[in-house]
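Enquirer: Take a look at the letters that make up each chain.
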Amino acid sequence: MAAATRKGTATPLGAVFSPEETRRAVARVTEAAAGRRAELARLQGFAADNAALVSLVQRLPDELSHEIMVPFGGAAFFPGRLIHTNELLVLLGEGYYAERSAKQTTEILRRRGMELEAQVEAMKATIADFEAEAKFFESTAAEASEGLVEIREEYDEGTEINSSTLDASSSATGMSDKNRVHAQIMARLDELEMEEKEAGSSSEEDGEEDEEDEEEDAGPSEDDEEEGDVLSDDNDHQNASFGASFSGSGRNDQSHGSAQPKSILKKPVGKEILKGASLAPSARTPHSVFPGQASIINSEIQLPTKKAVSFQDDNKHIIGSSKSSPLPQCPEYSSSLLKVSSDNTSHERKIISSGQKQAFTGSIIEHDANMSTFQPSKSEDLQNPAISPRPVSRFKMQKGGR
Amino acid sequence: MQRDLESKANALSKIQKDVSKNHQVRKQYTIQVGENELVLKELELVNDEANVYKLIGPVLVKQDLAEAKANVKKRIEYISAELKRMDRALKDLEDKQNSKKESIFKLQQKMQAVQTKA
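So the sequence lines, in the order shown, correspond to chains A and B. In terms of the working numbering, the first sequence has 282 at position 282, counting the first letter as 1, and numbering is strictly consecutive. In terms of the working numbering, the second sequence has 1089 at position 89, counting the first letter as 1, and numbering is strictly consecutive.
No wet-lab data here; the hints were simulated from the structure. Some hints could be false.
Stated by the list, open to error - Far from chain A, by Cβ distances over 12 Å, these chain B residues were calculated: (1) ALA1009; (2) ASN1022; (3) GLU1094; (4) PHE1105; (5) LYS1106; (6) GLN1108; (7) GLN1115.
To be verified - Listed next, with one range per pair, are the computed distances between beta-carbon atoms: (8) ARG111(A) - HIS1023(B): 25 to 33 Å; (9) GLY80(A) - ALA1050(B): 25 to 33 Å; (10) HIS1023(B) - THR30(A): 18 to 26 Å; (11) LYS124(A) - LEU1083(B): 20 to 28 Å; (12) THR30(A) - LYS1096(B): 26 to 34 Å.
As the list claims (entries may be wrong) - One-sided and incomplete, this derived list gives chain B residues near chain A with beta-carbon spacing under 10 Å: (13) GLU1035; (14) LEU1038; (15) GLU1042; (16) LEU1043; (17) ALA1050; (18) GLN1063.
Yeah, the Cβ is synthetic: ideal placement off N, Cα and C, and Gly gets one too.
Throw the hints in and build the complete structure from the sequences for me.
Expert: What follows is the structure, encoded as structure tokens:
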């Protein structure tokens, strides 16, 4: 569109978070988790002991006196009798003992058991936290080593406001803006189709269109890839809004993947994107990608071809496979985008910004049109947790998303 | 400037050690306070007739229930006060640590600038 190309910087993720450092972070976190696990084992041992003690104490007052072998010294026993079987001196804690009957003792022990249970639960929760953190670091390390590139763009207040209002209005009204946007989209679509033909896009697009039409109502479970596709179009507003409207959805849906690249190739229209996204609503995996991330990935593609090429090289295999229907990964989309992107307008910023503007609720909102609220769904298992331009702690977002 | 950096680094490490020690002591205190509260709860449940003993060294000494309760309550209060004090000290240490880190960082930057110039 007429939107001016934004200047941006692309930094390889590996530079920002070096793979070794992230790996070391993973090691550290796993260490801490291991320590906690040892504590947990200890607590569970206590709980088991407590249970055994309760059963013993309950059996004691059964007899007036028990015949036992009394330990004597280090290695000797002598036969003896256990008497006063109902009188027990119970340790309350901190050096305090109380004389209690067997029944009262079991009460005390039961309360102690409940305390232990609570501690065990707390420990389990901390361990889970650590594990999530480790997983997050792990994925970051993997991404960094893959050569993911973080793309930052200048944030143009004016254009952003426009796109965000567009999104907001569309999300709010739902249908009202659809028509208007749709008209715009159709115009864009025609433009892009021309471009695509020139670019020699595959004939898959035709098939996609049908798909897209069918699934239009699927909802906003689109990956950011779609956004990226939209972004590739010059249509700033539309792209931004489209991008924003996509909520993170499972990237790994193959069908999703296939639909998306196609839609991307074909039409930058948000509608298309939605369709593509809707393609995989059912297939949507719980793993949603940060919208920011997706947009970043998309933006990567849209950046000057040189950069795109480098990215492409990283995902050469993906490019090849992107042609095939199931595209498991977002990068595939990128590759397809690479092919399509004639204009390298990066709207990721816009999308990201608009996306970030909205609070993350962790729920996926279905919208008929592409004007859906940009809801980044978070999942702990971020497939490609690219770093969003906003320095929001991903881990925090993950936590919030849980 | 090198020496300055070293001295600052030493001070920082000392502060960090203090911080970690503070953390440990705080953990201890927290556990103790928890245990004492548990004891108090049980003592409340014990009826007045029962005998309460305290382990002093190797000797189990019979204690008055009311006295025992009062003692435990006082311990809880004392430990909580200690905990609060440690919190404040920890905050102070952390602030100092941050400021030291900043000054070290600035110094490092200055040194780098000087080195690049040279």
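Enquirer: Decide, hint by hint, whether the structure agrees.
Expert: Against the structure, the hints:
In this structure ALA1009(B) is separated from chain A by more than 12 Å, as the shortest Cβ-Cβ distance comes to about 21 Å. For ASN1022(B), the condition that its CB be more than 12 Å from all CB atoms of chain A holds, with the nearest at approximately 19 Å. Even its closest Cβ contact with chain A, about 20 Å, leaves GLU1094(B) beyond 12 Å, as expected for a residue assigned away from the interface. Remark: the non-interface label on PHE1105(B) is consistent with the geometry, its nearest Cβ contact in chain A lying 18 Å away (cut-off 12 Å).
With a closest Cβ-Cβ approach of about 22 Å to chain A, LYS1106(B) is found to remain outside the 12 Å limit, as its non-interface label requires. With a least CB separation of 19 Å from chain A, GLN1108(B) remains clear of the 12 Å interface cut-off, as annotated. The beta carbon of GLN1115(B) is kept farther than 12 Å from every beta carbon of chain A, the shortest such distance being approximately 22 Å. A hinted range of 25 to 33 Å holds for the C-beta pair ARG111(A) and HIS1023(B), which are about 29 Å apart.
Between GLY80(A) and ALA1050(B), the C-beta spacing of about 27 Å keeps the proposed range 25 to 33 Å intact. Range check, HIS1023(B) to THR30(A): about 21 Å between beta-carbon atoms, so the 18 to 26 Å window is met. A beta carbon spacing of about 26 Å between LYS124(A) and LEU1083(B) agrees with the range 20 to 28 Å that was offered as a hint. The hinted range of 26 to 34 Å is satisfied by THR30(A) and LYS1096(B), whose Cβ atoms lie roughly 32 Å apart.
At a threshold of 10 Å, the smallest CB-CB gap from GLU1035(B) to chain A is about 5 Å, leaving the interface hint in force. Hint on LEU1038(B) holds. Least Cβ distance to chain A is approximately 5 Å, under the 10 Å limit. A cut of 10 Å between beta carbons decides the hint on GLU1042(B): the least distance to chain A is about 5 Å, and the hint holds. Checking LEU1043(B) against chain A: minimum C-beta separation of about 7 Å stays under 10 Å; hint holds.
At about 6 Å, the closest approach between the beta carbon of ALA1050(B) and any beta carbon in chain A falls short of 10 Å, and the interface hint on this residue holds. Taking 10 Å as the C-beta cut-off, the interface hint given for GLN1063(B) holds, the closest approach to chain A being about 8 Å.
Hint violations for this structure: none, all hints satisfied.
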